[in-house]
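A.B. asks: Given next are the chains, with one letter for each unit.
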Amino acid sequence: MEAWVVATGLIGLYLVLTIVLGFVANRRMTGDMEDFLLYGRKAGFIVLYLTVVASFHSSFAFLGSGGFFYRNGIGFWAAGTWTLLVGAITYVIGTRIWALGKAFNYMTPADMLADFYESEAVRVTVAVVSVVFTILYIQVQAQGLGYIINVASGGRISFEVGTLILLIVAAVYLMVGGLRAVYWTDVLQGVWMYIAVWVGALVLSYELFGGPLELWRAVSEQRPDLLSLPGPEGFFRPGMWIGMTITLSFGIVFQPHMMIRYYTAVDAKTIKLLGATTPIYLMTLYIPAALVGLGGALVMPGLEGAEADRIFPELLFAYTNPWLTGAILAGATAAAMSTLDSILHANMTVLTRDIYQRFIRPNESQGHYINVGRAIVVGLLVIGYMLSVGTFDYLVVLVTLSGAGALQLMPAILGVCFPGGRTLTRAGVVWGIVAGLVTLYLTLVVVPHPLGMHGGLWGLLVNTAVALNVSVFTPPPSAETIRRVHGEVERFVYGAEE
Amino acid sequence: MDDYRPPRSHFLPRTRDGRTATLLFVVFFLFAMPPMTHTALNRADPWILGLPFFYVALLVVYTALILVLVWAYRRGV
Numbered sequence: 000m001e002a003w004v005v006a007t008g009l010i011g012l013y014l015v016l017t018i019v020l021g022f023v024a025n026r027r028m029t030g031d032m033e034d035f036l037l038y039g040r041k042a043g044f045i046v047l048y049l050t051v052v053a054s055f056h057s058s059f060a061f062l063g064s065g066g067f068f069y070r071n072g073i074g075f076w077a078a079g080t081w082t083l084l085v086g087a088i089t090y091v092i093g094t095r096i097w098a099l100g101k102a103f104n105y106m107t108p109a110d111m112l113a114d115f116y117e118s119e120a121v122r123v124t125v126a127v128v129s130v131v132f133t134i135l136y137i138q139v140q141a142q143g144l145g146y147i148i149n150v151a152s153g154g155r156i157s158f159e160v161g162t163l164i165l166l167i168v169a170a171v172y173l174m175v176g177g178l179r180a181v182y183w184t185d186v187l188q189g190v191w192m193y194i195a196v197w198v199g200a201l202v203l204s205y206e207l208f209g210g211p212l213e214l215w216r217a218v219s220e221q222r223p224d225l226l227s228l229p230g231p232e233g234f235f236r237p238g239m240w241i242g243m244t245i246t247l248s249f250g251i252v253f254q255p256h257m258m259i260r261y262y263t264a265v266d267a268k269t270i271k272l273l274g275a276t277t278p279i280y281l282m283t284l285y286i287p288a289a290l291v292g293l294g295g296a297l298v299m300p301g302l303e304g305a306e307a308d309r310i311f312p313e314l315l316f317a318y319t320n321p322w323l324t325g326a327i328l329a330g331a332t333a334a335a336m337s338t339l340d341s342i343l344h345a346n347m348t349v350l351t352r353d354i355y356q357r358f359i360r361p362n363e364s365q366g367h368y369i370n371v372g373r374a375i376v377v378g379l380l381v382i383g384y385m386l387s388v389g390t391f392d393y394l395v396v397l398v399t400l401s402g403a404g405a406l407q408l409m410p411a412i413l414g415v416c417f418p419g420g421r422t423l424t425r426a427g428v429v430w431g432i433v434a435g436l437v438t439l440y441l442t443l444v445v446v447p448h449p450l451g452m453h454g455g456l457w458g459l460l461v462n463t464a465v466a467l468n469v470s471v472f473t474p475p476p477s478a479e480t481i482r483r484v485h486g487e488v489e490r491f492v493y494g495a496e497e
Numbered sequence: 000m001d002d003y004r005p006p007r008s009h010f011l012p013r014t015r016d017g018r019t020a021t022l023l024f025v026v027f028f029l030f031a032m033p034p035m036t037h038t039a040l041n042r043a044d045p046w047i048l049g050l051p052f053f054y055v056a057l058l059v060v061y062t063a064l065i066l067v068l069v070w071a072y073r074r075g076v
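Heads up: the sequence lines are chains C and G, in that order.
For the record, in the first sequence the residue sitting at position 415 is 414 according to numbering that gives the first Met the number 0, with numbers rising by one throughout.
For the record, in the second sequence the residue sitting at position 14 is 13 according to numbering that gives the first Met the number 0, with numbers rising by one throughout.
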């Protein structure tokens, strides 16, 4: 049997499995918004673990990271720093977000921030930032899916058609089964992608070099420039290392699809265990990615620009048997879809809850909002598709841009979750975010990464400075609200108010 | 409401285990940050167990950081 038939068939089988899971999840739905949007706040450790890691790792981890090792060498091992930071952030901040969500029935990041800062302007600003920047993430995943199916079918299914098929499948099971379907498919996807990356990388390293250690030795002999910083293209300078670490940890955790996951945990202990152990999965997935990228640089040199992101599937097709290639590419599909469905869900939740329910039709039935959410998914699918086939860039660049946007929510979130000291004000938060976004535009587009420091970090610095200074001259939230929210954090962390 | 006093800052841990975990995490984390990464760690030699020094050194730091988080969890921090 030809390789493309096996690969495409296995991906098709995987897609059918996800849709079946979506319909099974639908039968468990109770019909209220909290169940549809937040899994009824009942997610246990295993489900939450696999959905968080699967959502964090996307086509960026499966394709983009190999491409980054390929172009920039061992510097991408910096990825370990942001995965570790994600664990610590989950442990320290994720638990507080969970506690506040449970106490005050928050469903979205904007719910929490608008409540504390007593401002609908904060709600709209946060909702817009959440949606605009995570739409880039839809583009990342959709492009990854297009690449995968295009390569798997040997070019018989075009990038555009492949992207459309996979976007539709993700949207269907999300609309049918809500967050429960997303979580259940993420469990399948989280396991599949991890095994697929490891098996694929090990098979390739044995096939091409005689083993991982021999691969490393060959890299040192043929391309020693790949084994030191800042790498062949001079990318990993100190400012970039720090910037990517901050942007891809805080910036991703503060995206709505990750923050909403914190709300869904069954208890605080689950979130803490999640924080302590997610880096194990997240960090170790970059070990095989290094083998793929560095080995690929020796075996298939000359891939330019975004082409390097295809190194893993290209190697699989060239050097392994069709069944293995198909199973691994299905794993790559899983990596992209698990993030895609989470972002579609998060944006649906934000737009339904923060915009439609709040400002357009406030007093409708639960079923009405669920149906509106489903309609929003269709709209997001169309926008995501148009972006995916219209613009191209490195996957890592898009992910970093997306993370840099969400990073601008950091001062506002810390102001809610960490009592003590001076409280930020609604005006401080809004102007801080606006200043951060303007700086982001200047330091990513006009003068990219001034002084070698990532634009996301420049945005955060300006944002924080503006938020603190404006807060000096503008009224804080009411003492009653500060006491209610910060008192809850104090009780949750230390047992009782001081 | 008038007698409300804001709690002490949450940016600094109050318990001994909390302080230990925070300090260890920050110290280990600094080993995985510039200038360490771009100076002392930035070399392939000596190779350790067939792997370049830079790669192994960071793997050790990452493992230590995970152990700190797991320790904090077990201590109920």
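Since the hints were made in silico from the structure, they are not lab data.
Note that the structure is predicted; figures quoted are calculated from it, not measured.
Glycine is no exception: its CB is placed at the ideal position from the N, C-alpha and C atoms.
Any given hint might turn out to be false.
[Said to hold, decoys possible] Take a look, some chain G residues computed to stay more than 10 Å from chain C by CB distance:
no. : residue
1   : 16
2   : 18
3   : 42
[Said to hold, decoys possible] A partial selection of chain C residues facing chain G, derived with a Cβ cut-off under 7 Å:
no. : residue
4   : 86
5   : 217
6   : 221
7   : 228
8   : 240
9   : 280
10  : 283
A.B. asks: None of the hints should be skipped; say for each whether it holds.
C.D. replies: Verification of the hints:
1. With 10 Å as the threshold on Cβ separation, the claim that residue 16 (chain G) sits away from chain C holds: the shortest Cβ distance comes to roughly 13 Å.
2. Look at residue 18 (chain G): its CB is around 14 Å from the nearest CB on chain C, clear of 10 Å, so calling it non-interface holds up.
3. Non-interface call for residue 42 (chain G) relative to chain C: violated, since the shortest CB-CB distance, roughly 7 Å, does not exceed 10 Å.
4. The criterion of a C-beta within 7 Å of any C-beta in chain G is met by residue 86 (chain C), whose closest approach is roughly 5 Å, and the hint holds.
5. For residue 217 (chain C), the suggested interface contact is broken, since its CB lies about 12 Å from the closest CB of chain G, more than 7 Å.
6. The beta carbon of residue 221 (chain C) is not positioned within 7 Å of any beta carbon in chain G (closest approach about 13 Å), and the interface hint is therefore violated.
7. Interface restraint check: residue 228 (chain C) against chain G, minimum CB-CB distance 5 Å, threshold 7 Å, status holds.
8. Against a cut-off of 7 Å between C-beta atoms, the interface hint on residue 240 (chain C) holds, since the closest Cβ of chain G lies about 6 Å away.
9. A least Cβ separation of about 11 Å between residue 280 (chain C) and chain G goes past the 7 Å threshold, and the interface hint is therefore violated.
10. Because the beta carbon of residue 283 (chain C) sits about 9 Å from the nearest beta carbon in chain G, more than 7 Å, this interface hint is broken.
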